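Asks: When the letters of the sequence shown are read in order and numbered with UniProt numbering, they come out as residues 1 to 123.
Because the hints were derived from the structure by calculation, they are not lab data.
For clarity, every value in this text was computed on a predicted model and none was experimentally measured.
C-beta atoms are modelled at their ideal positions from N, C-alpha and C, and glycine is treated no differently.
Check the hints yourself; a few may be wrong.
Derived EDC-like pairs: lysine to aspartate or glutamate, alpha-carbon spacing no greater than 16 angstroms straight-line [stated by the list, open to error]:
id	residue 1	residue 2
1	K38	E26
2	K60	D102
3	K60	E106
4	K17	E27
5	K66	E32
6	K60	D111
7	K71	E26
8	K60	D21
9	K120	D102
10	K66	E22
11	K38	E27
12	K71	E32
13	K51	E32
14	K47	E31
Now the in silico label distances, taken between C-beta atoms and shown as ranges [as the list claims (entries may be wrong)]:
id	residue 1	residue 2	range
15	K66	C2	39 to 47 angstroms
16	V76	G6	28 to 36 angstroms
17	G53	V115	54 to 62 angstroms
18	T113	K90	29 to 37 angstroms
19	G6	S50	30 to 38 angstroms
20	A77	S11	50 to 58 angstroms
21	A77	K98	47 to 55 angstroms
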Amino acid sequence: MCRILGLSRQSYYYQSKPKKDESELEEVVAEEFIRSRKAYGSRKIKKALSKRGIQISRRKISRIMKNRGLKSSYTVAYFKVHHSTCNEAKTTNVLNRKFLRDNPLEAIVTDLTYVRVGKKWNY
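Just need the whole structure built from these sequences, with the hints factored in.
Replies: Below is the structure:
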């Protein structure tokens, strides 16, 4: 009969597998999402569930979140302006451009990009 219809026997006897009920998984994913204060995405939810011993793929978690309308909240990174507090104290000109001294190593002059003095950076 399959030969007459042009079907393979495999197609004739094929029975589709019944879809599994995912309501329990949906509840677990939603519970973990709420537990994370709506901050976790699919990757972090997968990690949290695997710690609890529940094996589920990240794509299935993403699909469940999309079907339920669960979207994680995130903050956008922004640049913080740092105000430099280096060289706060005014220093006096001790040498007064008199670089020649009587004793060796009495005055040492150098050029530094920055140096840490105490707990502050001086430039």
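Asks: If a hint holds in the structure, say so; if it doesn't, say that too.
Replies: For each hint, the structure was consulted:
1. K38 / E26: 15 angstroms, holds
2. K60 / D102: 83 angstroms, violated
3. K60 / E106: At roughly 75 angstroms apart (the allowed maximum being 16 angstroms), E106 and K60 break the hint.
4. K17 / E27: 23 angstroms, violated
5. K66 / E32: Holds, at roughly 15 angstroms.
6. K60 / D111: The hint is violated at about 62 angstroms.
7. K71 / E26: With Cα atoms ~14 angstroms apart, K71 and E26 stay inside 16 angstroms; holds.
8. K60 / D21: It holds: about 13 angstroms lies between the C-alpha atoms, which stays within 16 angstroms.
9. K120 / D102: 33 angstroms, violated
10. K66 / E22: Between K66 and E22 the Cα gap is close to 14 angstroms, so the pair holds against 16 angstroms.
11. K38 / E27: Satisfied, since the Cα-Cα distance of roughly 14 angstroms is no more than 16 angstroms.
12. K71 / E32: 13 angstroms, holds
13. K51 / E32: Holds, at about 12 angstroms.
14. K47 / E31: Cα-Cα ~14 angstroms, so holds.
15. K66 / C2: 39 to 47 angstroms: Given a distance of about 41 angstroms, which is inside 39 to 47 angstroms, the answer is holds.
16. V76 / G6: 28 to 36 angstroms: Since the Cβ atoms of V76 and G6 sit about 59 angstroms apart, the hinted range of 28 to 36 angstroms is violated.
17. G53 / V115: 54 to 62 angstroms: 56 angstroms, holds
18. T113 / K90: 29 to 37 angstroms: This hint is violated: roughly 20 angstroms between Cβ atoms.
19. G6 / S50: 30 to 38 angstroms: 48 angstroms, violated
20. A77 / S11: 50 to 58 angstroms: 55 angstroms, holds
21. A77 / K98: 47 to 55 angstroms: Hint holds: Cβ distance 52 angstroms, inside 47 to 55 angstroms.
The structure fails hints 2, 3, 4, 6, 9, 16, 18 and 19 (numbered hints given earlier, in ascending order).
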